[in-house]
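*Asks:* Chain by chain, the residues:
Protein chains: 2
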Amino acid sequence: MGIIVQKYGGSSVATPELIKNVAKKIIKAKEEGNKVVVVVSAPGDETDDLISLAKEITDSPDEREMDVLLSTGEQKSIALLAIAIKSLGYDAISFTGLQVGIITDDVHGKARIVKVGDEKIKKALDLDKIVIVAGFQGVNEEEEITTLGRGGSDLTAVALAHVLNSEICELYKDVDGIFTANPKIVPKARLIEKISYEEMLEMASAGAQVVNARCIEYAQKYNVPIRVRSSFNNSLGTLITKEAKEMEKLFVSGVTYNKDEAKITVLGVPDKPGIAATVFRSIADENVNVDMIVQDVSEEGITNISFTVVKDELKKALDAIERIREKVGIKDVITDENIAKVSVVGIGMKTHSGVAAMMFEALASANINIEMISTSEIKISCVIDKKDVENAVRVLHEKFKLDKI
Amino acid sequence: MGIIVQKYGGSSVATPELIKNVAKKIIKAKEEGNKVVVVVSAPGDETDDLISLAKEITDSPDEREMDVLLSTGEQKSIALLAIAIKSLGYDAISFTGLQVGIITDDVHGKARIVKVGDEKIKKALDLDKIVIVAGFQGVNEEEEITTLGRGGSDLTAVALAHVLNSEICELYKDVDGIFTANPKIVPKARLIEKISYEEMLEMASAGAQVVNARCIEYAQKYNVPIRVRSSFNNSLGTLITKEAKEMEKLFVSGVTYNKDEAKITVLGVPDKPGIAATVFRSIADENVNVDMIVQDVSEEGITNISFTVVKDELKKALDAIERIREKVGIKDVITDENIAKVSVVGIGMKTHSGVAAMMFEALASANINIEMISTSEIKISCVIDKKDVENAVRVLHEKFKLDKI
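Protein sequence lines, in the order shown, are assigned to chains A and B.
All letters in the first sequence, in the order written, are residues 1 to 405 by the working numbering.
All letters in the second sequence, in the order written, are residues 1 to 405 by the working numbering.
I should point out that these hints are in silico values taken from the structure, not numbers from a laboratory.
Just to be clear, a hint being listed does not mean it is correct.
Since the list gives no way to pick out one identical chain from another, each pair is judged satisfied if it fits inside one copy or across any two copies.
[Claimed, not checked] Straight-line alpha carbon distances no greater than 35 Å define the calculated DSBU-like cross-link-like pairs of lysine-lysine that follow: (1) K120 with K110; (2) K30 with K194; (3) K272 with K24; (4) K110 with K123.
These numbers were taken from a predicted model, which means no experiment stands behind them.
Next up, chain A with everything else stripped away, as it sits in the complex (with noise of 0.2 Å):
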């Protein structure tokens, strides 16, 4: 008998019927033969409430007691769907990160797992017992609780997946699976049925929301095999999987935008070594990621640095420039939230090339102007204006004929 993971999101089990109904799925996964172990959110809004009340009380609250406090949206839902598991029959337990053993670093709110224990789940298990463990949260060695950041649950997942053996890692979605381009902007967008883990981590690093990057990351790893699927209907989904021969091998296998970062222009600073590695220090030091980095061509020994950070984190890395501003000799920063980045992705463009050139071909017929370029082997993504952002998609998916397998 076969373990399989499952994972739930907030909105499955905002509601007690909502939570009913999740129950009555996974008993069907249990009554079709295998081992079940789930992992779930916090119910609804229930993480951004919190986060409202800790701000009603002050602007910067505590990143140890931040976590202390978003945990209890996860343990919340871990209670109910047990519960409601073993209303209807089947018995189940739940349990929190801590009691797991999901043993992460120090980093509060966005801490990165170290180790996963599975032998409570597999007693449980031994004793034919349903599953559900907290997502999101874990402890550090000292057994203070972290959160491990945005798409938390779903790392949670594939890192139980992982250690449990699973045979797959099922992650609910409100979504069908992955598209070609969000079927919001783009009706015409189709819904791909495998993908390599490779290309979904560039996806989602360029704005993909359906599964976050870390998670695909760890999958990849461990080569935990991922199925993305809706919680509403019993449509199969997306196989997210290692690059297989079957596999479409199109050149572009989607269009994705993100409009959640802003630009930092850092202006007038010497051209010469160390002096990026400062900058980036100082930022990385204030655990903020950097998207995109691009640096002007230099003039008379003076550069200027442009990069992108996610819109949350855009005060902070402010912060660490400042510090180092004089030391550094920072002329000017300027910064812009009204910029968008769209990207394509395909593990075929290893192979193909002029892929680049159909981009800004696309990007320029519709009249949109490319602010800032950054390429990997199988992704390119062009910055550009909010504004034009859902018409930069719509512009893409058709120049790649995405519609069409």
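Mind docking chain B on chain A? Use the hints.
*Replies:* Structure of chain B alone, referenced to chain A:
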């Protein structure tokens, strides 16, 4: 520098504004030169809301999972309170029951404390931090979450005060202290400045809901002085401590009542040894507490037994009786939820006779019928019709002249 333990109830931390006020009160105690440990309950109606949520899923939610669910309430409070204190520039750290090491037995929903850790708290106090601990919760030896039941947070506070050798355990309430009777019913009721554990214990068991009986019992056992005071003003409230010479030795200290009990009468049981034992063992095995017990004078080898239980546990008690009904040969079981218990309590009763007679006279003069009577060394309780209870409290308060010292 002495340690003081303060406990704040749910109504004191119901909103961000109130949490900030409590934070200021705590900081004041710290500024006065104390090491401060704070125990806090779930905010506002959170616990009731969580119970309702579970009841929307099923009428009889699993007890282990209910504890997982309910313990999130206090966890929310500790995080928010620590955030508030830190935002005011003072160092604070929150701990859950598990983190502190509040070890209990296995009785979910009503666990008893068996051990309390002090290491983490002392370490934090030595680092000059204000320590915030979640009330009402603990874990059993297997780190399964448990809750302590009604008045559990007060109990947590007293247990911590004991293990930390604290000078005083301050219980902040939404009332000014302990009164000779409920001031809502008897406007002339007087605040009691000092009361012995023994009397307070009887008053609590007799329905004075300000402090829970288990909490007083614990304080008495370890001689922890308790001060019950208001979280909304600076009045000194009531000191609960061991009997002292200077205490007022009134033969009646207070009048209390309880409307939360129901009466069960077991009719036509054989009057032979072991029958009562069988009945009450079956009820005890369900962890239902029985309060008053009266057995009728036997007629022709057949008798009736009446007893009271908390209304919430009526169903459990009836189920237990049903299971032994045939074995014991019970003819019928009747219940009455329209009862109330009124009690007079006073340490002076030990040495004064005639208190019972005075009580019965007072009730008779008000035309109030007595259904059951039970006495202890320092308490007399009568079960009466629920509709008479407020009148009974008033006439007894008058009869024993409790408005005058």
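*Asks:* Now look at each hint and say whether the structure bears it out.
*Replies:* Quick rundown of the hints versus the structure:
Taking the shortest Cα distances, K120 and K110 sit within 35 Å of each other both inside one copy (25 Å) and across copies (25 Å). Within a single copy, K30 and K194 get their C-alpha atoms as close as 25 Å, which meets the 35 Å cut-off; across copies the closest is 61 Å, which misses it. Taking the shortest Cα distances, K272 and K24 never come within 35 Å of each other, neither inside one copy (63 Å) nor across copies (52 Å). Proximity of K110 to K123 under the C-alpha cut-off of 35 Å is found in both arrangements, the shortest distances being 30 Å within a copy and 26 Å between copies.
In this structure, only the earlier hint numbered 3 is contradicted, and the remaining ones agree with it.
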